[in-house]
Amino acid sequence: QPIQMENPYKEPPKKCVLCGINVDYKNVQLLSQFVSPHTGCIYGRHITGLCNKKQKEVTKAIKRAHVLGFMPVMFKNPSFLTDPKICNVKY
Amino acid sequence: FPTFSFFFFLLKPETAAVLKRTVEALMERGAVVRNLENLGERSLPYKISKHKERHRRGGYFLIDLEGPPSIVSTMMDHLGRDIDVIRRTFIKHPVSKTEECSGIIPVNYEDTLIAKKK
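For the protein sequence lines, the chains are A and B, in the order given.
Using this note's numbering, the first residue of the first sequence is number 1, and each one after it goes up by one.
Using this note's numbering, the first residue of the second sequence is number 1, and each one after it goes up by one.
One should not assume that every hint holds.
To be verified - In the PhoX-like style, the derived pairs of lysine-lysine whose C-alpha atoms are separated by at most 20 Å in a straight line are: (1) Lys20/B to Lys60/A; (2) Lys92/B to Lys56/A; (3) Lys53/A to Lys97/B; (4) Lys26/A to Lys20/B; (5) Lys47/B to Lys63/A; (6) Lys53/A to Lys15/A.
What the hints assert, rightly or not - Chain A side only, calculated, beta carbon under 10 Å to chain B, not exhaustive: (7) Pro13; (8) Cys16; (9) Cys19; (10) Leu50; (11) Lys63; (12) Arg64; (13) Leu68; (14) Gly69; (15) Phe70; (16) Val73; (17) Met74; (18) Asp83; (19) Lys85; (20) Val89.
Derived from the structure by calculation, the hints contain no laboratory data.
Owing to the predicted nature of the structure, the values given are computational and were not obtained by experimental measurement.
Virtual Cβ for every residue (Gly too), placed ideally from N, Cα, C.
Start from the sequences and build out the full structure, keeping to the hints where you can.
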């Protein structure tokens with residue numbers, strides 16, 4: 001008779017890129033990685049691949065950085081253009 | 001007393017005098033200043049026009065406060081009249097609790113679709 005048990009080969013739940021990293025409106029470099037270099041618009045969830053909470057946090061932080069004068073709005077800061085690619089954008 | 005982190009940034013010259021003025025004003029209203037951080041002086045991401053002047057460079061400062069919430073409106077008013085302060089905000093102290101991030105839970109799309117068919 002088969003015994004009922006939890007799937008022993010279950011993989012741990014997939015983590016998004018920012019899982020465990022504290023998102024702050026002050027670290028502009030991290031936030032700029034989720035912004036388009038040409039227009040400066042924030043990438044959507046289907047591009048960044050973040051979980052609900054983190055996407056919301058990042059959006060809020062980016063908006064805050066815009067208002068407080070930390071991050072440019074219409075473009076991406078040129079010194080951060082050579083950062084590694086996190087989002088799966090196709091240029 | 002709830003903790004705020006108060007952030008404002010201003011022009012480069014006369015920095016010490018402006019800082020002193022604001023901190024004294026804060027102490028007057030009965031706030032406890034915990035920490036004062038200088039986030040450096042850098043060129044602003046966009047030109048800001050304030051008080052009939054166009055600014056391109058500014059010094060960023062961050063003050064950690066503890067005080068009653070009634071300070072907020074009075075301080076915003078007070079700093080709005082200060083020519084040397086370009087932008088001012090009060091932000092609630094960020095309580096960082098990111099150790100419970102459990103990862104992406106796979107959403108079962110079948111259930112949502114079949115339930116809607118009723």
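(request) Report holds or violated for the interface hint on Arg64/A, using the least CB-CB distance to chain B and a cut-off of 10 Å. (result) holds, 8 Å
(request) Identify whether the interface hint at Lys85/A stands, where standing means a beta carbon of chain B within less than 10 Å of its own. (result) violated, 20 Å
(request) With chain B as the partner, please determine if Met74/A meets the hint condition of a C-beta pair closer than 10 Å. (result) holds, 8 Å
(message) Hint validation: Leu68/A versus chain B, beta carbon distance must be below 10 Å. Holds or violated?
(response) holds, 6 Å
(request) Would you check whether Gly69/A satisfies its interface hint, that is, whether its CB is within less than 10 Å of any CB in chain B? (result) Because about 5 Å separates Gly69/A from the closest Cβ in chain B, which is inside the 10 Å limit, the hint holds.
(request) Report holds or violated for the interface hint on Val73/A, using the least CB-CB distance to chain B and a cut-off of 10 Å. (result) Since the shortest Cβ distance to chain B is 7 Å, the answer is holds.
(request) Starting from Lys92/B, check that the Cα of Lys56/A is at most 20 Å away, please. (result) holds, 17 Å
(message) Check the hint pairing Lys47/B with Lys63/A against an upper bound of 20 Å on the C-alpha distance.
(response) Measuring from Cα to Cα gives roughly 17 Å; hence the hint holds.
(request) Under 10 Å, Cβ to Cβ, is where Pro13/A needs to be relative to chain B, so tell me if that hint holds or is violated. (result) With Cβ-Cβ at 4 Å, under 10 Å, it holds.
(request) For the hint on Phe70/A, just tell me whether its beta-carbon gets within less than 10 Å of chain B. (result) At about 7 Å, which falls below the 10 Å cut-off, the nearest Cβ of chain B leaves the hint on Phe70/A intact, so it holds.
(message) Next item in the hint list is Cys16/A. Is there a CB on chain B closer than 10 Å to its CB?
(response) With Cβ-Cβ at 6 Å, under 10 Å, it holds.
(message) Run the distance test for Lys53/A versus Lys15/A: straight-line Cα separation, threshold 20 Å.
(response) holds, 12 Å
Hint compliance for this structure: hints 1, 4, 11, 18, 19, 20 are broken, all remaining hints hold.
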